[in-house]
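S.K.: Residue 7 in our numbering is what sits at position 7 of the sequence shown, and the numbering runs on without skipping anything.
Wrong hints could be hidden among the right ones.
What the hints assert, rightly or not - Computed list of lysine-lysine pairs in PhoX-like fashion (alpha-carbon distance at most 20 Å, straight line):
hint	residue 1	residue 2
1	K23	K98
2	K33	K70
3	K33	K23
4	K106	K26
5	K70	K37
6	K37	K98
7	K26	K70
8	K33	K106
9	K37	K26
Keep in mind the hints are simulated off the structure, nothing from the lab.
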Amino acid sequence: MNIEDLMAGDAKEQNPQQHSPLKSLKMDLDFYKESIKEVSTEMISEGYTLYPIFIAHQHEVSVGELLLDKDELNTQWTINVSSLEEFMERGLVQEERKTYFIKNYKPAADYICLFVIVPEGANFVFYPYA
1 MNIEDLMAGD AKEQNPQQHS PLKSLKMDLD FYKESIKEVS TEMISEGYTL
51 YPIFIAHQHE VSVGELLLDK DELNTQWTIN VSSLEEFMER GLVQEERKTY
101 FIKNYKPAAD YICLFVIVPE GANFVFYPYA
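Produce the entire structure from the sequences given, and follow the hints as far as they go.
M.R.: Laid out in structure tokens, this is it:
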């Protein structure tokens with residue numbers, strides 16, 4: 001799934017003065033992506049995980065480690081860094097879904113694996129670096 005998939009239909013469903021929070025996420029990701037790519041590469045090369053996950057949120061969350069703080073960087077979204085292993089330990093990815101997750105995980109060199117948390121829920125999104 002891509003960010004654009006989540007934003008589809010926004011213009012029809014919302015007042016033109018209201019903007020999807022995902023549009024601000026796209027802007028922040030364009031600002032953050034080099035830092036995220038560097039951390040992702042390090043996590044893989046140092047053997048921490050083959051499946052880095054970056055959590056995008058606008059409120060406090062208790063999963064992952066803080067990487068990019070919206071308040072410090074004057075942006076809209078905070079990014080925490082985690083891994084498939086931590087998601088499994090916390091029950092966010094069930095053991096029986098591990099193979100499915102790995103099969104659908106896009107190459108970390110080309111995509112950011114995001115777990116986007118919004119008031120309506122949370123979902124995985126793959127955002128391209130380029």
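S.K.: Confirm or reject each hint.
M.R.: Here's how the hints hold up against the structure:
Between K23 and K98 the CA atoms are separated by roughly 30 Å; this puts the pair beyond 20 Å, and the hint is violated. Distance check on the hinted pair: K33 and K70 sit about 14 Å apart at the alpha-carbon level, within 20 Å; holds. A hinted pair counts as satisfied when its Cα atoms are at most 20 Å apart, and K33 with K23 qualifies at roughly 15 Å. Restraint check for K106 and K26: the C-alpha separation of about 18 Å stays at or below 20 Å, so the hint holds.
Distance check on the hinted pair: K70 and K37 sit about 18 Å apart at the alpha-carbon level, within 20 Å; holds. Using a Cα cut-off of 20 Å, the hinted pair K37 and K98 is violated, with the two alpha carbons roughly 23 Å apart. At most 20 Å may separate the alpha-carbon atoms for a hinted pair to count; K26 and K70 meet this at roughly 14 Å. Under the criterion of a C-alpha separation no larger than 20 Å, the hint pairing K33 with K106 is consistent with the structure, at around 16 Å.
A distance of roughly 15 Å separates the Cα atoms of K37 and K26; the hinted pair therefore holds under the 20 Å criterion.
Taken one by one, the earlier hints fail for this structure at numbers 1, 6, listed in ascending order.
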